[in-house]
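> One-letter residues, chain by chain:
2 protein chains.
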Amino acid sequence: MKELINLINEKLDEYMQITYPESIFKAMKYTLMLPGKRLRPIMCLETAKILGCDINKMLPTACAIEMLHVQSLIHDDLPCMDNDDYRRGKLSNHKVFGEANAVLAGDALLTFAPQLIIEKSEDLSMTQIVRILHEYTKFAGAYGLIAGQVVDIESEGGKLDKTKEHTLDFIHLNKTAVLFRLAIRCGAIGAGADDKTIEELDDFAKKFGLAFQIYDDIMDEISSFEEMGKTIGKDKNSGKLTYVSLYGLDSAKRKFKTLISECYDIIEKYNSEVFKNIIKKLESKVGD
Amino acid sequence: MKELINLINEKLDEYMQITYPESIFKAMKYTLMLPGKRLRPIMCLETAKILGCDINKMLPTACAIEMLHVQSLIHDDLPCMDNDDYRRGKLSNHKVFGEANAVLAGDALLTFAPQLIIEKSEDLSMTQIVRILHEYTKFAGAYGLIAGQVVDIESEGGKLDKTKEHTLDFIHLNKTAVLFRLAIRCGAIGAGADDKTIEELDDFAKKFGLAFQIYDDIMDEISSFEEMGKTIGKDKNSGKLTYVSLYGLDSAKRKFKTLISECYDIIEKYNSEVFKNIIKKLESKVGD
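Chains as they are written, first to last, in our numbering: chain A, 170 to 457; chain B, 170 to 457.
Please note: incorrect hints may appear among the correct ones.
The list makes no distinction among identical chains, and a pair is therefore deemed to hold if it is satisfied within one copy or across any two copies.
[Stated by the list, open to error] In silico DSS-like links for lysine-lysine, alpha-carbon gap of 30 Å or less:
(1) Lys-195 <-> Lys-375
(2) Lys-365 <-> Lys-289
(3) Lys-333 <-> Lys-198
(4) Lys-218 <-> Lys-180
(5) Lys-195 <-> Lys-409
(6) Lys-289 <-> Lys-307
(7) Lys-409 <-> Lys-264
(8) Lys-333 <-> Lys-195
(9) Lys-180 <-> Lys-289
(10) Lys-218 <-> Lys-449
(11) Lys-307 <-> Lys-195
(12) Lys-426 <-> Lys-375
Treat the hints as calculated values from the structure; they're not laboratory data.
Kindly produce the complete structure, drawing on both the sequences and the hints.
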């Protein structure tokens, strides 16, 4: 895991060159290079690997997905959105570079990510590149990540009373699970996997994404700023719809465990130490 | 021209379907469907046409470029950027939908545009699609549109005193000319043009883009809200670097005329009524 993280950090640093006008590239790179778990690019590379593909082939795509993730964090933290001053333990982008640059740095990451895939994926076919870009554009936009963010904002203060469970699943599938789905689907496409395999791994990604979001909701309740690197208790205080607020802590933990167990079932046959380690780490933090 | 505008509006309306969560799609569609000149998509289609390509082939790309343009307008108008309450004669996006939705609507357009190109360009080859997406990602991001916007913001209040001319050209080439370049280059790629033709037309696009920006600067000085559909005199009042502020009105007009004359020289052999009409309209507004 550590080696993968180092490799990804090294590549992110290499891909993200600072040129004129420096202010925008510095803003993009600042949040990108904050120490992160790099879960999404790791899962993209690991998916390629368990399907027999050289991970070097997928490094541009894996890094592009991390850039998309960071873009969503920069815009989410803006004063007009979640208004968060901290991210990954450091000041958030707009606190360092100002709001205008934070908006533009997010925009620039959103287009630099696919540019990187196009320019650096020499070992992928044109069809594979188009398929990967199609997944990217679908999951990054109003049919994915942004749909989740919009409904999440609308859920604040309990404004969405009706069919809360359906709404909560929609938010988490779109706001959180989509990036894991994107990572895993792209890894599988790069490896030339058939549709059945892609859909099976996609199912894993959905379940893992939901489990990850429940983990995040639980941590928002029981963790500390030091551990999470971001403001804690915010979701609760802003009346946001979370698994914990809707079902209570115990029930959220049970739901988390069920999903994790289903994840193990799907991934078992691939015998992946990396996937197992990622899941185990979440399990150990949530506890009994 | 009117027929082309109608065709583009019809396609924009068709491509931009409102689905759940409606708030984001409505915000995206609101600014997109405000009456605009549709210059960029028209130039994309006309370039394809003069090079012998059926314009229907390029409708998704042409509309995608208009979406990118609208995305940049929505984010430019935000309070943390140019803070403009009006756009195309109506309230700007954040005044109607709030800042959070305006940021997200821009993000969503930025990814929906390439998604549209991928999903609807059945008559383009995979290589053409990748080339078009490459142009899109380069020109939309920190190597294009956003670079121009960043330096433009930094130029406010006369903060960038040194090498002003170079800075002004950088802003206008990146903030304004890139979208015309993108439109024309994509039209040529779709038509299967050779590199020499693409570069020749690209030169036209650069010159036209600069002329268009000088026209815009002149209008900011001599026009009215009614005519332009946006706040007038803002650039002057905020101390922004413009052709008029740097060279004076007469000199700006002379520079405009020189560029327009060079545009005529390049485009003459294609005998395009559409390009001629577009240029003539600008000329008539700038006057003598």
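> State for each hint whether it applies.
Taking the hints in turn, this is what the structure says about them:
no.	hint	verdict
1	Lys-195 <-> Lys-375	between (33 Å within a copy, 28 Å between copies)
2	Lys-365 <-> Lys-289	both (28 Å within a copy, 25 Å between copies)
3	Lys-333 <-> Lys-198	between (38 Å within a copy, 27 Å between copies)
4	Lys-218 <-> Lys-180	within (18 Å within a copy, 42 Å between copies)
5	Lys-195 <-> Lys-409	between (33 Å within a copy, 23 Å between copies)
6	Lys-289 <-> Lys-307	both (21 Å within a copy, 14 Å between copies)
7	Lys-409 <-> Lys-264	both (24 Å within a copy, 24 Å between copies)
8	Lys-333 <-> Lys-195	between (41 Å within a copy, 23 Å between copies)
9	Lys-180 <-> Lys-289	within (11 Å within a copy, 33 Å between copies)
10	Lys-218 <-> Lys-449	within (20 Å within a copy, 59 Å between copies)
11	Lys-307 <-> Lys-195	both (28 Å within a copy, 18 Å between copies)
12	Lys-426 <-> Lys-375	within (15 Å within a copy, 58 Å between copies)
When held up to the earlier numbered hints, the structure conflicts with none and fits them all.
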